[in-house]
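There are 2 protein chains.
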Amino acid sequence: MKLIDLTHTFDKTMPVFPGDPDSKLEHTALLEKDGYNDSLLTTLMHVGTHMDAPLHMIKDGKTMDQMPVESFFGKGVLIDARGQSKIEATLLKDVQISEGSIVLLYTGYGEKYRTKDYFENNPQVTEEFAQEMVKRKVKIVGMDILGPDEPPFPTHKILLGKEILIIENLVNLNKLLHIPSFEIIVLPMNLQADAAPVRVVARIV
Amino acid sequence: MKLIDLTHTFDKTMPVFPGDPDSKLEHTALLEKDGYNDSLLTTLMHVGTHMDAPLHMIKDGKTMDQMPVESFFGKGVLIDARGQSKIEATLLKDVQISEGSIVLLYTGYGEKYRTKDYFENNPQVTEEFAQEMVKRKVKIVGMDILGPDEPPFPTHKILLGKEILIIENLVNLNKLLHIPSFEIIVLPMNLQADAAPVRVVARIV
Chain A
46 MKLIDLTHTF DKTMPVFPGD PDSKLEHTAL LEKDGYNDSL LTTLMHVGTH
96 MDAPLHMIKD GKTMDQMPVE SFFGKGVLID ARGQSKIEAT LLKDVQISEG
146 SIVLLYTGYG EKYRTKDYFE NNPQVTEEFA QEMVKRKVKI VGMDILGPDE
196 PPFPTHKILL GKEILIIENL VNLNKLLHIP SFEIIVLPMN LQADAAPVRV
246 VARIV
Chain B
46 MKLIDLTHTF DKTMPVFPGD PDSKLEHTAL LEKDGYNDSL LTTLMHVGTH
96 MDAPLHMIKD GKTMDQMPVE SFFGKGVLID ARGQSKIEAT LLKDVQISEG
146 SIVLLYTGYG EKYRTKDYFE NNPQVTEEFA QEMVKRKVKI VGMDILGPDE
196 PPFPTHKILL GKEILIIENL VNLNKLLHIP SFEIIVLPMN LQADAAPVRV
246 VARIV
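Chains as they are written, first to last, in our numbering: chain A, 46 to 250; chain B, 46 to 250.
Bound conformation, chain A alone (with noise of 0.2 Å):
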């Protein structure tokens, strides 16, 4: 069993939406002093790896803790998405996909992460791509950009309207380019928000 972690790491200096206000992870108890280290974590829900619930967008939608955990275990699929500013459907033509698949779409432009750059042209998925999504009735779709398009999100929508979870700001996609077969498993928080911080994983079996 080899695994790859996809997630980043949440520290003291997350990069947040342009206007939201940072993240905050401090000190509470210190060990010389109490006995034991403890922290305070305050954060948004779309800060680092995250994934997105049905509530995020769609009204009465479902929290995260509301999805089944069988939502979160999938076979992974690769699209290689590099240097395309639009991700389209015709991305998808030769590409099998299982049901109860996770997608993961690989645009490169997750290296711009923790620049101010990342909140800016980043590539955008299109409604049809969505579309094609909901049709191969795939369970997660992940992406290493900030989100998979802009407001009004109609693409956050066809993809949550049905119950398929995004997960946003992934890392380390380059490193399942050559393989062939892998396992994804994505493990939220148990909120009961609209959406998580989250650990994705790759198993390569």
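Source of the hints: derived by calculation from the structure; they are not laboratory data. Here the structure is a predicted model, which means the values were calculated and not measured. A couple of the hints might just be wrong.
No copy labels: a pair is met if it fits in one copy or bridges any two.
Claimed, not checked - Below, computed lysine-lysine pairings styled on DSSO-like, alpha-carbon distance capped at 27 Å:
| # | residue 1 | residue 2 |
| --- | --- | --- |
| 1 | K69 | K104 |
| 2 | K78 | K104 |
| 3 | K131 | K47 |
| 4 | K182 | K57 |
| 5 | K138 | K161 |
| 6 | K120 | K47 |
| 7 | K207 | K69 |
| 8 | K131 | K180 |
| 9 | K180 | K138 |
| 10 | K107 | K78 |
| 11 | K182 | K78 |
| 12 | K57 | K131 |
| 13 | K202 | K47 |
| 14 | K120 | K57 |
Since the structure of chain A is provided, determine the placement of chain B on it from the hints.
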């Protein structure tokens, strides 16, 4: 494949150690007004189902993000410790535990979660039990109680001193009672801190 979720839901009403500030989960953006939902989470690390990293009790110990992802997958071993106020090494006498296992202590005390009793008179895991875990080279020890011991935390220190991680506040361990073979997958938030919220799943193989 059958999956069993061993993780408490994290909501607005999480029990915290007496004296600690409550966790908060607040809406910060609303679909009707802002075009999407977002939430702000504020929480100490040792709330809900979470995992302690070495730094929790060990000077210069590793933070959660420094633990290799291989630490989080292992053969599961359930120890039935119901009715025991002290969890002794003698419980392990006839138990097969291979190197790299993830050991789960089912005390039954987890039924008191979200009651005041949960923080009082909870079972204690002895130092001898912890030393046996070290000897058998397990990866993780998990339990359905708030923690293995009280100040000055000798059991915590034996385990974390050997980089054996500790999961606290597990749920649903009763569902594993008659299952002969299962894998445990424990994916924590990739946090640069002394502990992290975690999702714990048993996979029946």
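Now the hints, each set against the structure:
1. K69 <-> K104: between (29 Å within a copy, 22 Å between copies)
2. K78 <-> K104: between (47 Å within a copy, 12 Å between copies)
3. K131 <-> K47: Close neither inside one copy (32 Å) nor across copies (38 Å); limit 27 Å.
4. K182 <-> K57: neither (37 Å within a copy, 33 Å between copies)
5. K138 <-> K161: Neither, since 33 Å and 58 Å both go past 27 Å.
6. K120 <-> K47: This pair counts as both: shortest intra-copy Cα distance 15 Å, inter-copy 16 Å.
7. K207 <-> K69: Classified as neither: same-chain Cα gap 33 Å, cross-chain 29 Å, threshold 27 Å.
8. K131 <-> K180: Within one copy only: 20 Å inside, 55 Å across.
9. K180 <-> K138: within (13 Å within a copy, 54 Å between copies)
10. K107 <-> K78: between (43 Å within a copy, 19 Å between copies)
11. K182 <-> K78: Neither. Shortest intra-copy (53 Å) and inter-copy (31 Å) distances fail the 27 Å Cα cut-off.
12. K57 <-> K131: neither (32 Å within a copy, 39 Å between copies)
13. K202 <-> K47: Intra 35 Å, inter 30 Å, cutoff 27 Å: neither.
14. K120 <-> K57: neither (33 Å within a copy, 34 Å between copies)
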